[in-house]
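Participant: Just so you know, the sequence shown maps onto residues -22 to -1, 1 to 440 in mature numbering (1 follows the signal peptide of the UniProt record, and there is no 0).
Hint data in this document are derived by calculation from the structure and do not stem from the laboratory. Fair warning: there could be bad hints in the mix.
What the hints assert, rightly or not - Capping the alpha-carbon separation at 30 Å, the derived lysine-lysine pairs in DSBU-like fashion look like this: (1) Lys227 - Lys113; (2) Lys86 - Lys113; (3) Lys177 - Lys158.
Stated by the list, open to error - What follows is a list of derived Cβ distance ranges for each label pair: (4) Lys70 - Asn162: 32 to 38 Å; (5) Lys241 - Ser168: 39 to 45 Å; (6) Thr109 - Lys241: 35 to 41 Å.
The beta carbon of each residue, even a glycine, is placed where N, CA and C say it ideally should be.
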Amino acid sequence: MANPSLSLLFLLSLITPALISSSPVQDPELVVQEVHRAINASRRKLGYLSCGTGNPIDDCWRCDPNWEKNRQRLADCAIGFGKNAIGGRDGKIYVVTDSGNDDPVNPKPGTLRHAVIQEEPLWIIFARDMTIKLKEELLMNSFKTIDGRGASVHIAGGPCITIQFVTNIIIHGLSIHDCKQGGNAMVRDSPSHFGWRTKSDGDGVSIFGGAHIWVDHNSLSNCNDGLVDAIHGSSAITISNNYLTHHDKVMLLGHSDSYTQDKNMQVTIAFNHFGEGLVQRMPRCRHGYFHVVNNDYTHWEMYAIGGSANPTINSQGNRFAAPDIRFSKEVTKHEDAPQSEWKNWNWRSEGDLLLNGAFFVASGAGASSSYARASSLGARSSSLVGPITMGAGALNCKKGGRLKREQTMANPSLSLLFLLSLITPALISSSPVQDPELVVQEGHQCLEEEAGVSLLWNWQPH
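Throw the hints in and build the complete structure from the sequences for me.
Facilitator: So, in structure tokens, the structure goes:
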């Protein structure tokens, strides 16, 4: 137990379970219980107290010093409504070796575009650090994982990722930024088909009629439209551990007020850090069911969570630090309807930490039964949001190095403040955006890919 502060913290969290979950929430399908059992079993095997962060996704795989030898195990760590997204877990590994030569119609073997359009399940990794500037949208085929761990992978400067009418997609460990509009061009979406694409919006990740999608540990910023948008009947989605910055309309969930096919949409938004330079839509919801849990909201200019067309929004255990702007203290925005209508929409705040004058305008029913379809995992105490989201974003791990987004525990008073905050959450209210470091991860917990990795998937012409 190299870090005594870390050890003490988690001993406290085990001794004081009430602080870990101020309001346990049952998943309506009970499937998430199986996920938690699997995670707990993994923690016991790996020595949970040696590196645990309290983030159930990270603690599922980052405690394993040999994670790179079984990358596909990540697919078993998903939680929330997207927990069944297996991506390319059951397929071979495809190593991207070519960051250039993007041909939207006839992609070259070794490029990311060539990997994502294949019919078979694939787990896609990267041979080295690279920046990929796409000429057109990256149209993904089903059962694919893009896994950026072990390299610094940027998708930037052109159109970005589109997940359209496909299923079982995992996007992990990428820096996605400065995405532009594409379209009015031919683009291939499978080995046997390409077609004309109209103009795209310029989203970072666009989910259109997709299901079983997991977007985890990415850094997203400064795109033409949304950072992550899910529309046109998309569902079974988890958006977790992402670091989002410098953008206006951050996240749209639901196509339009009139598009009622989104009524069955279920999205989990968990453990994300909504950071500097954000304005609104974190998220903006229509119809559907949305579980917003244990996120850190350190910046917004207009509002954080909004919606229209009667969405159900279940906000639990988040930390909201309002801006200093006098008229932007409200977390919520009920849009496109008079109060006589939106007062019946089911929006609740449970266990949220509201700082710097932030306030949440709840509406609709207060009974827990009204939120069953908007509940996907057990919320932890809002006092733990700092450590849970400390590693949000793409992890920049090098052998012998440390995490890119770490903050050192050099100041013992900060360490003590954080430990005390577990017992007395009010102590952290005077410093809403302070993130005293909980974990300094050694490089062996997120290794760079070993040299000489073999190409386990061999391309054959169709």
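Participant: Is it true that the CA of Lys227 sits at most 30 Å from the CA of Lys113?
Facilitator: Given that 30 Å is the threshold and the Cα spacing comes to 23 Å, the pair holds.
Participant: Is the hinted range of 32 to 38 Å satisfied by the C-beta distance from Lys70 to Asn162?
Facilitator: Holds - the Cβ-Cβ distance for Lys70 and Asn162, about 35 Å, lies within 32 to 38 Å.
Participant: Under the criterion that the straight-line Cα-Cα distance not exceed 30 Å, is the pair Lys86, Lys113 satisfied?
Facilitator: It holds: about 14 Å lies between the C-alpha atoms, which stays within 30 Å.
Participant: Regarding the pair Lys177 and Lys158, is the alpha-carbon distance no greater than 30 Å?
Facilitator: The hint holds at about 11 Å.
Participant: Between Thr109 and Lys241, is the Cβ distance one that fits in 35 to 41 Å?
Facilitator: The hinted range 35 to 41 Å holds for Thr109 and Lys241, with Cβ atoms some 40 Å apart.
Participant: Given the range 39 to 45 Å, decide if the beta-carbon distance of Lys241 to Ser168 lies inside it.
Facilitator: violated, 30 Å
The structure is inconsistent with hint 5 alone, although it conforms to all the rest.
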